[in-house]
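Undergrad: The residues making up each chain are set out below.
2 protein chains.
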Amino acid sequence: VPPLVVLSHPEPTSFAAALAHTAADVLDAQLLDLYAEGFDPRLTAADFTDREDAARLRPMEEQLHAVRTGSFAPDIARHVELLRSTDLLVMVQPFWWFSLPAMAKGWVDRVFVNGLAYEYPGHEPWTGPLDHVRALAVFTSSYEREEFEPGGRVGSVESVLYPLLWGTFAYCGMQVLEPFVAYAADSVDEETRAGYLEALGGRLESVEAEAPLFGGQPSG
Amino acid sequence: VPPLVVLSHPEPTSFAAALAHTAADVLDAQLLDLYAEGFDPRLTAADFTDREDAARLRPMEEQLHAVRTGSFAPDIARHVELLRSTDLLVMVQPFWWFSLPAMAKGWVDRVFVNGLAYEYPGHEPWTGPLDHVRALAVFTSSYEREEFEPGGRVGSVESVLYPLLWGTFAYCGMQVLEPFVAYAADSVDEETRAGYLEALGGRLESVEAEAPLFGGQPSG
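Protein chains in written order, with this note's numbering: chain A, 67 to 286; chain B, 67 to 286.
Treat the hints with caution; some may be incorrect.
Stated by the list, open to error - Just so you have them, the derived chain B footprint on chain A, three or more residues with Cβ under 8 Å: (1) 108-121; (2) 165-171; (3) 223-236.
Said to hold, decoys possible - Ranges of calculated distance between the beta carbons of each label pair, as one might list FRET restraints: (4) P195(B) - S151(A): 43 to 49 Å; (5) T258(A) - E210(B): 42 to 48 Å; (6) R124(B) - G218(A): 21 to 27 Å; (7) T110(B) - E147(A): 22 to 28 Å; (8) Y186(B) - E224(A): 23 to 29 Å; (9) G268(B) - L148(A): 45 to 51 Å; (10) E118(A) - Y186(B): 45 to 51 Å; (11) E213(A) - A102(B): 36 to 42 Å; (12) T110(B) - E256(A): 22 to 28 Å; (13) T115(B) - E147(A): 49 to 55 Å; (14) E103(B) - E271(A): 43 to 49 Å.
To be verified - So the derived list for chain B, only partly shown, Cβ under 10 Å to chain A, looks like this: (15) P78; (16) L97; (17) P107; (18) F178; (19) G181; (20) L182; (21) R211; (22) G221; (23) L227; (24) L263.
Calculated directly from the structure, the hints in this document are not laboratory data.
Glycine included, each C-beta is placed from N, C-alpha and C at the ideal position.
Same shape as in the complex, but just chain A (with noise of 0.2 Å):
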C-alpha cells in the first residue's frame, strides 16, 4: 500500500513542492499534486451521479449515499480510493491564515466522506474506518519558529491546526503525528532550508516506529 502525499502549492517550485517531493521520493508514495491536475475544492452537486435527494443537496446525506451506491463523480471517486487505501496520509502546504489553503481544504470537504472516512450515524467520532491511517501535516510558513512559542504571537502549531489535527484527522479515528513546520521558509538561507528537507526525509525513514500525537486505535 503506498502512502499518500498530497501537495497543495500554486507554484511548482515553491519550497512546499520540494518538501512534498522529498517526502513521495523517500517514502516511494503517490503524489497528488492538486494544482498539477487542476483539482476543484468546491464541494458541489456535480460530486455525486446519483442524488438521493434531487431537491435539495445535504452533503452529509449525499456522500453517505455515494458510498453505499458507487456513485461519486469519477475525479472524488479516484481520491476517496487513494485515501481509503493508504497507512499513511503526508499533506504539504503552506500555512495561509492560521490554517489550510482553500484547494487543501477543499481536498478534505470533498474526499473526507461521510460513510468512508467517518460514519454519521453510526461510528463515533475520534474512531472510525481510518483508523489504519497515520497522518502527518507539513507546512510552509513566513513566520519564525519563536512565533509559535509560548508568548509568540501566533500560538502554538497544534493550537493553531486544531481544526486539522483533532477536528479532522483524529476526528476520523487516524493516528496525529507531530506536524512538521518550516519556518520563517521564504527568508532563511539555502542552507537551512536543505537543512528541512534533510529532516523531514529523515523523519520520514523511520515514520513507521514513530508514536503518534493522539488518536486513533493502538497499533498491533
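Knowing the structure of chain A, use the given hints to seat chain B on it.
TA: Relative to the frame of chain A, chain B by itself:
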C-alpha cells in the same frame, strides 16, 4: 457604505442561505453569494495581470504589487473593493471540519490581500488598514450547543475558530464580534430555526452598539 454579507453554501435553500438573506435584509447589505456567482477559491497566477516576478509566483509579493499597480484580475479587483469599502463584514457558512468551507477560505486567501487587509512588510499584524471593519462570523453546525461547551467534544466556538477570528479578522485589525452559531441546524424543528433567524436579525439591528470581543482600534 453598505455592509457586506458573504455566503458560502452550495445549496440555495440551505439554512446558511436563509441566515445570509436575513442578514442582508436587516442590514440593507450587499450580498455576495459565492457559489451562485461561481467564485473560484483557488489562488493562482491568474489573480494578477501584471506580475512583479513572472518566473515564480509568491502570492504575498504579487498581491502587494497588484494593490500598488491596480492590476488584480477583474473578479478579485471587485471583491477587494467591496471588502475595502465596507464597515461591517458578515461571513455566513456551514462549519465543515471545524473550519470554513473551501469556498469561504478561498475568498479569504484571494481577497484579504497584502497591501490592503494587512501590510507586509509595514504595519504590525493585529493593526492595520481594516481597523474600521467590524467582522461577524455566522455558522450553521450539525452539532448541539452542548458540544461547544466546556467538556463538550468540539471545543469552545472561540477556540475552534481561532484561525478565523484571531488569525484572520483580528490579524487585519478588524473588530471581532461574537460569532453567531445556529446549532444543530439540520435537526432542530422549524420553530427553533425561525428563532435563529429572529435572533440574528435582532442582533444585527443594533450591531453598531455591540462591543467587539477583541481586535481593532477603540472606536471613536
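Undergrad: Please go over all the hints and tell whether each is borne out by the structure.
TA: Right, here's what the structure says about each hint:
1. Remark: the region 108-121 of chain A is confirmed as covered by chain B, as 4 of its residues place a Cβ nearer than 8 Å to a Cβ of that chain, reaching the required three.
2. For the region 165-171 of chain A, the assignment as covered by chain B holds, since 6 residues bring a beta-carbon within under 8 Å of that chain's beta-carbons and 3 suffice.
3. Counting residues of the region 223-236 of chain A whose beta carbon lies closer than 8 Å to any beta carbon of chain B gives 8, which meets the minimum of three for the stated coverage.
4. At about 48 Å, the beta-carbon gap between P195(B) and S151(A) stays in the expected band of 43 to 49 Å.
5. Between T258(A) and E210(B) the beta carbons are some 47 Å apart, a value that agrees with the proposed interval 42 to 48 Å.
6. In this structure the supplied range 21 to 27 Å holds for R124(B) paired with G218(A), their Cβ-Cβ distance being about 24 Å.
7. At about 27 Å, the beta-carbon gap between T110(B) and E147(A) stays in the expected band of 22 to 28 Å.
8. Taking 23 to 29 Å as the suggested C-beta distance range, the pair Y186(B) and E224(A) conforms, at roughly 25 Å.
9. Between G268(B) and L148(A) the Cβ separation comes to about 47 Å, which falls inside the hinted range of 45 to 51 Å.
10. For E118(A) paired with Y186(B), a C-beta distance near 46 Å keeps the hint of 45 to 51 Å intact.
11. Separation of E213(A) from A102(B) is about 38 Å and conforms to the stated range, judged on CB atoms against 36 to 42 Å.
12. Look at T110(B) against E256(A): about 27 Å separates their beta carbons, and that is inside 22 to 28 Å.
13. Take T115(B) and E147(A): their Cβ atoms lie about 39 Å apart, and the range 49 to 55 Å is violated.
14. For E103(B) paired with E271(A), a C-beta distance near 47 Å keeps the hint of 43 to 49 Å intact.
15. With its C-beta approaching chain A no nearer than about 9 Å, P78(B) sits inside the 10 Å limit, and its interface hint holds.
16. Hint status for L97(B) relative to chain A: violated, with the closest Cβ pair at about 19 Å, above 10 Å.
17. Interface hint at P107(B): satisfied, since its Cβ lies 4 Å from the closest Cβ of chain A, which is below the 10 Å cut-off.
18. The restraint placing F178(B) at the interface with chain A holds, with a minimum CB-CB distance near 7 Å, inside the 10 Å limit.
19. Interface hint at G181(B): violated, since its Cβ lies 15 Å from the closest Cβ of chain A, which is beyond the 10 Å cut-off.
20. With 10 Å as the threshold, the beta carbon of L182(B) stays out of range of chain A, its nearest partner Cβ sitting at about 14 Å, so the hint is violated.
21. Against a cut-off of 10 Å between C-beta atoms, the interface hint on R211(B) is violated, since the closest Cβ of chain A lies about 17 Å away.
22. Of the supplied interface hints, the one on G221(B) holds, with its beta-carbon coming within about 7 Å of a beta-carbon of chain A, less than 10 Å.
23. Proximity of L227(B) to chain A holds as hinted, the smallest CB-CB distance being about 9 Å (cut-off 10 Å).
24. The restraint placing L263(B) at the interface with chain A is violated, with a minimum CB-CB distance near 18 Å, outside the 10 Å limit.
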